[in-house]
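**Q** Given next are the chains, with one letter for each unit.
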Amino acid sequence: MGEATLYGLCGAALVGLGLFGLIVHPQPLRKILAFNLIGGGVFLLFGAIARRGAAAGFGGDPVPQALVITGIVVAFSATALAVALLLRLFQETGQATLHLDG
Amino acid sequence: MADFLLAAAGFVLATVTLGLVRILRGPSEADRIMAAQLLGSGGIAALLLLAEAMSVPAAVDVALTLALLAAFVSVAFVKGFARSGADGA
Amino acid sequence: MTDRPLALDIGLAFLVLGVAVWTIAARDTFAAVVGFVAFGLLLTLVWARLAAPDVAPTEAAIGSGVTGGLLLGASTRLHGTQTPAPGEKPGAILRLAAAALCTVVSAGLAAIVLLLPEPAPTLAPQAATNISATGLGNPVTAVLMAYRAIDTLLETVVLLLALVGVWSLAPDRVWGGFPGPRHHADPDGLLPFMAQLLVPVGLLVGIYIFWVGSVAPGGEFQGATILAAMWVLAMMAGLVDAPAVSRRWLRLLLVAGPAVFFAIGLAGFAMAGAFLAYPEAYAKLLIVTIEVPVTLSIATMLALLVAGPPERALR
Amino acid sequence: MSFALDALTILAVSTGAFFFLAGTVGLLRFPDALSRLHALTKADNLGLGLVVLGLLFQPEELFAGLKLVTVWLLTLLAGATVTQLIARTARPGGAQE
Numbered sequence: 001m002g003e004a005t006l007y008g009l010c011g012a013a014l015v016g017l018g019l020f021g022l023i024v025h026p027q028p029l030r031k032i033l034a035f036n037l038i039g040g041g042v043f044l045l046f047g048a049i050a051r052r053g054a055a056a057g058f059g060g061d062p063v064p065q066a067l068v069i070t071g072i073v074v075a076f077s078a079t080a081l082a083v084a085l086l087l088r089l090f091q092e093t094g095q096a097t098l099h100l101d102g
Numbered sequence: 001m002a003d004f005l006l007a008a009a010g011f012v013l014a015t016v017t018l019g020l021v022r023i024l025r026g027p028s029e030a031d032r033i034m035a036a037q038l039l040g041s042g043g044i045a046a047l048l049l050l051a052e053a054m055s056v057p058a059a060v061d062v063a064l065t066l067a068l069l070a071a072f073v074s075v076a077f078v079k080g081f082a083r084s085g086a087d088g089a
Numbered sequence: 001m002t003d004r005p006l007a008l009d010i011g012l013a014f015l016v017l018g019v020a021v022w023t024i025a026a027r028d029t030f031a032a033v034v035g036f037v038a039f040g041l042l043l044t045l046v047w048a049r050l051a052a053p054d055v056a057p058t059e060a061a062i063g064s065g066v067t068g069g070l071l072l073g074a075s076t077r078l079h080g081t082q083t084p085a086p087g088e089k090p091g092a093i094l095r096l097a098a099a100a101l102c103t104v105v106s107a108g109l110a111a112i113v114l115l116l117p118e119p120a121p122t123l124a125p126q127a128a129t130n131i132s133a134t135g136l137g138n139p140v141t142a143v144l145m146a147y148r149a150i151d152t153l154l155e156t157v158v159l160l161l162a163l164v165g166v167w168s169l170a171p172d173r174v175w176g177g178f179p180g181p182r183h184h185a186d187p188d189g190l191l192p193f194m195a196q197l198l199v200p201v202g203l204l205v206g207i208y209i210f211w212v213g214s215v216a217p218g219g220e221f222q223g224a225t226i227l228a229a230m231w232v233l234a235m236m237a238g239l240v241d242a243p244a245v246s247r248r249w250l251r252l253l254l255v256a257g258p259a260v261f262f263a264i265g266l267a268g269f270a271m272a273g274a275f276l277a278y279p280e281a282y283a284k285l286l287i288v289t290i291e292v293p294v295t296l297s298i299a300t301m302l303a304l305l306v307a308g309p310p311e312r313a314l315r
Numbered sequence: 001m002s003f004a005l006d007a008l009t010i011l012a013v014s015t016g017a018f019f020f021l022a023g024t025v026g027l028l029r030f031p032d033a034l035s036r037l038h039a040l041t042k043a044d045n046l047g048l049g050l051v052v053l054g055l056l057f058q059p060e061e062l063f064a065g066l067k068l069v070t071v072w073l074l075t076l077l078a079g080a081t082v083t084q085l086i087a088r089t090a091r092p093g094g095a096q097e
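Chain order of the listed sequences is A, B, C and D.
Heads up, the first sequence is in the numbering used here, so the first residue is 1 and it goes up one at a time.
Heads up, the second sequence is in the numbering used here, so the first residue is 1 and it goes up one at a time.
Heads up, the third sequence is in the numbering used here, so the first residue is 1 and it goes up one at a time.
Heads up, the fourth sequence is in the numbering used here, so the first residue is 1 and it goes up one at a time.
Capping the alpha-carbon separation at 25 Å, the derived lysine to any residue pairs in SDA-like fashion look like this:
1) Lys67(D) to Val212(C)
2) Lys89(C) to Ala96(A)
3) Lys31(A) to His79(C)
4) Lys89(C) to Gln91(A)
5) Lys31(A) to Trp22(C)
6) Lys79(B) to Leu89(A)
Sample of chain D residues at the chain C side, in silico, Cβ under 8 Å:
7) Leu74
8) Leu77
9) Thr81
10) Gln84
11) Leu85
Listed next, with one range per pair, are the computed distances between beta-carbon atoms:
12) Ala2(B) to Ile112(C): 26 to 34 Å
13) Gly11(C) to Gln84(D): 27 to 35 Å
14) Thr5(A) to Pro171(C): 48 to 56 Å
15) Leu28(D) to Leu285(C): 50 to 58 Å
16) Leu73(D) to Gly91(C): 49 to 57 Å
Don't read these hints as lab results, they were simulated from the structure.
Owing to the predicted nature of the structure, the values given are computational and were not obtained by experimental measurement.
C-beta atoms are modelled at their ideal positions from N, C-alpha and C, and glycine is treated no differently.
Generate the whole structure from the sequences, applying the supplied hints.
**A** The following block contains the structure:
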């Protein structure tokens with residue numbers, strides 16, 4: 001088993017772990033953290049595919065690597081927007097909860 | 001030589017990750033910041049060792065980026081820490 | 001391959017998973033965020049091991065650094081609100097069901113990883129043959145700026161839209177005002193001193209990482225993130241104040257990158273017959289012409305995304 | 001020649017790794033925040049410094065060596081600042097716990 005497969009499996013586990021956190025944590029900030037873990041897992045899956053595609057003198061396929069770079073930046077914009085929404089909710093209601101009748 | 005450097009990288013990384021237990025135990029947030037800082041410098045050391053062992057000179061640029069961003073995160077930490085301390089946390 | 005790198009890889013993979021479990025399981029939100037920063041750091045090492053030296057600094061800078069700073073700030077502000085109400089905690093059945101679902105998802109993905117086709121499909125040879133047409137030495141930058149340039153263009157637009165979204169969350173009375181609290185420089189503190197030393201060095205490194213990106217790992221996103229982090233650092237140390245978001249120069253700076261990118265893309269119709277196509281003789285010149293304003297715009301967007309919506313009214 | 005340099009690298013990197021170990025043990029075992037801080041600064045400054053020193057013994061371009069030293073100086077600067085800020089707040093009677 002090469003390191004690509006190893007880290008690919010690690011990515012698969014991270015996606016499940018993040019998904020679990022996203023479902024069971026009631027606090028929005030914890031959900032945002034879990035969302036970023038899922039992102040990390042998906043990127044690692046891409047990384048495994050890129051590493052397997054090493055050819056032509058490159059250590060990895062540059063196309064999935066470029067996609068991961070784009071993905072990291074987009075995940076950050078989503079996180080920043082989510083955090084801003086959450087802080088505004090807190091400012092408005094004094095609570096940071098998604099619980100409607102709370 | 002490469003084997004030695006890889007082993008050293010693994011050792012440093014494993015050691016500082018052990019320090020993360022401090023974040024779990026706390027008790028104060030200062031302890032948590034310290035453990036994170038130790039992880040930061042250990043991670044940088046491991047990366048430099050990897051760069052030399054795998055002969056990827058570009059990894060030194062990664063370490064440079066990491067060092068700058070670690071400084072940024074530390075300041076964010078301490079700023080937040082000071083603020084939550086002021087709230088009587 | 002010798003045995004030892006494999007041992008290192010296995011250890012690293014377990015560390016990544018351990019820190020991820022902790023980020024999910026930690027009772028205290030602040031500790032969870034610290035775990036996430038550690039997670040990003042370890043992922044940076046993973047990217048170095050996966051021979052992805054362009055992704056590693058992006059993960060270090062954006063995935064761990066800037067995202068970490070943002071979440072730390074948020075967790076501090078939400079301090080004391082992070083204990084879930086009694087009715088909010090999911091019951092044991094839901095937790096079990098979620099665990100089962102997530103195990104299935106992970107197992108499915110793991111099966112896909114194990115059953116990936118041999119030999120692995122790759123676009124690396126195509127990237128290698130076309131790289132000479134761009135005049136660049138770094139294949140990943142060539143992919144980002146040439147044949148997947150539309151992704152990169154749309155990505156800057158995504159960042160801009162996220163920033164518009166963040167700004168639109170400002171209450172009416174501070175509309176168009178200054179983001180975040182004003183940090184005052186502590187005259188006998190070490191922080192302003194450190195920032196004065198660190199920020200110039202950081203700016204230099206940021207420009208270097210951006211510049212080296214055309215021939216070696218690095219590039220506009222990594223460089224821009226360092227520039228953004230240094231700007232936010234200067235704000236936190238109280239050296240400079242965040243600009244009011246209604247400033248015209250700021251808005252011009254924000255749209256300059258995407259606008260130049262789009263204009264050169266349109267010019268591609270006249271010069272090379274397609275959107276975002278570059279005539280071969282000028283490819284490198286055009287790419288650099290795009291990269292400089294795009295880097296400045298991305299740096300501004302990232303810094304302002306971390307700074308958040310306006311909180312203080314224009315005087 | 002290169003054998004001697006390798007030996008120096010191994011010596012410096014091993015000592016650096018030892019300081020990381022010592023720093024971690026200190027962080028985990030010392031009783032109060034201030035002595036833990038003391039342990040941390042040792043690991044931080046000396047550990048990374050020795051690793052960088054060890055790598056400098058390997059044949060490097062001048063620019064690469066300069067970058068290595070810059071990494072160390074940046075970490076040193078950030079570490080010193082954070083340490084000082086923590087020490088101020090972690091002092092007995094300061095804002096803590």
